[in-house]
Amino acid sequence: MENALLIGLSRQVALKRQMDVVANNMANMNTAGYKTGSMLFEEHIMPVAEMNEMSGQDKRLSFVLDSSVYRSFEEGGFKQTGNDLDVAISGKGWLVAQTPDGERYTRNGQLKLDAEGQLVTPSGYPVLGDGGPISFSPNDTGIEIATDGTISTSQGIKDRLRVVQFENNATLKKEGETMFSTTQQPEIVEDVRVLQGVIEQSNVKPINELTSMIETLRAYTSMAQTMSQAQELRRQAIEQLGTPPRG
Amino acid sequence: MKSLQIAATGMMAQELNVEVISNNIANMRTTGFKKMRAEFQDLLYQDLRRVGSASSDSGTIVPTGVQLGYGVKTGATSRIMSQGNLTNTEKDLDLAIRGEGFFGITLPNGGTAYTRDGSFELDATGQLVTIDGYQVNPGITIPPNAKNISINKTGGIEVIVSGAATPTEVGQLQLSRFINKAGLKSIGDNLYLETAASGSATEGSPGDVGFGDVAQRFLEAANVNAVSELSDLISAQRAYEMNARVISASDEMMSATTNILR
Chain V
180 MENALLIGLS RQVALKRQMD VVANNMANMN TAGYKTGSML FEEHIMPVAE MNEMSGQDKR
240 LSFVLDSSVY RSFEEGGFKQ TGNDLDVAIS GKGWLVAQTP DGERYTRNGQ LKLDAEGQLV
300 TPSGYPVLGD GGPISFSPND TGIEIATDGT ISTSQGIKDR LRVVQFENNA TLKKEGETMF
360 STTQQPEIVE DVRVLQGVIE QSNVKPINEL TSMIETLRAY TSMAQTMSQA QELRRQAIEQ
420 LGTPPRG
Chain U
14 MKSLQIAATG MMAQELNVEV ISNNIANMRT TGFKKMRAEF QDLLYQDLRR VGSASSDSGT
74 IVPTGVQLGY GVKTGATSRI MSQGNLTNTE KDLDLAIRGE GFFGITLPNG GTAYTRDGSF
134 ELDATGQLVT IDGYQVNPGI TIPPNAKNIS INKTGGIEVI VSGAATPTEV GQLQLSRFIN
194 KAGLKSIGDN LYLETAASGS ATEGSPGDVG FGDVAQRFLE AANVNAVSEL SDLISAQRAY
254 EMNARVISAS DEMMSATTNI LR
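Chains as they are written, first to last, in the working numbering: chain V, 180 to 426; chain U, 14 to 275.
Errors might be hidden in some of the hints.
Now the stretches of chain U that chain V is said to cover, found in silico as 3 or more residues with beta-carbon under 8 Å [unchecked claim]:
#: 1; stretch: 26-36
#: 2; stretch: 148-157
#: 3; stretch: 212-223
Simulated from the structure, these hints should not be mistaken for lab results.
The beta-carbon is built from N, C-alpha and C at its ideal position, and this holds for glycine as well.
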């Protein structure tokens, strides 16, 4: 009898997490370079004590496990901003940011300059070029970023943006601030296409999220109903079986 | 329910987005105004099942893991310092900068502020001042009997004093540049202050290497583009509504839980 409640609970816990993932996607609908996450579930079969004397076999119990969050690395839409320091990578590739905890990778190209003239991410971490951090002097005007990532100014060529890729994007770990980390060795992308004055928007598809939200909600409510029926069944059983026979 | 808080961060972010956009639209006709943009970042992640942790003794690892995000935060409201269009005004003391640089302004408290708004006037003593009456650096006085004020591309100011045949130079405008002009702090009245993020000002004359030119009888219009602001407004508003839907859905889930036991 408890099983119905416990299996229902495992489903509800999983659905609650799915709702969290959907809510996080929705909250990041306008976050440049954000990548959608979605939940993957798997069936977890519980071994049961078997009793073979009965005519019907014992059924196995299957619980729900939230095994992983899958990320879609599909490109987000490109939005023209006309800002010199906005870059987007068309196709494969990640920009490299140097943080105190090591290299981080991002597709959010809303770059800035800091007080020393260094090219930094929105969170203030230096963006790496082929020769390390990229700095500009006060005399540099008209920053141009070519499609191969070469940065030039009125004072000549500065450096080239380092754009890297990984064998397996699925193992990239989100670190917040639209940055990812990994233990994989990055490889330089050769045929890179960097667009200046453009940012890559979040790849969240609001319609999909809304649909999956409704689906989650309905599954949750129907599970709650099942649990409440199981509860009712139990109450009735106690009531009827507990009543002493008349006469 | 974490999704309640997550959706709340989404709503707060979009509310701020709408505020930034409405400020841009409100300043569409403000001389020298530079539009702002709200930039968002995802918040921290909680690892429920770590990526790359061992899933068996034989060395297999969890390929993706379970990471739950906590919503969105505003990373910055950055100013886009692109050039605005120049509009002809036919007024002698209207100046626009084409290219890099800011006019330096001496504030009443003695500090220096910077502006791209070149709609200047003369005060009672003939000094070049902003429309608020603050002195334009480096302090230029136009003689009372002067006429035909002419300001050239490189910021030299010449007047013809009545009776004289040739113009006399009465001053030279200076411009200031910053390594990171997006790091300037806005104080309203079209003025900016130097900050640790902007770096210190580099002085120079208009037309010097790296500095823009000055255009007389022109003003720089705001660099706000009405069409892109409106489309941003629509997308912000829809994002707000969708986050509100997440809150009501989470609420429904909670009420379903409370209704299990009657």
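Task: Violated constraints from the hint list, given by number and in increasing order - done: Violated hint (a single one): 2; every other hint is consistent with the structure.
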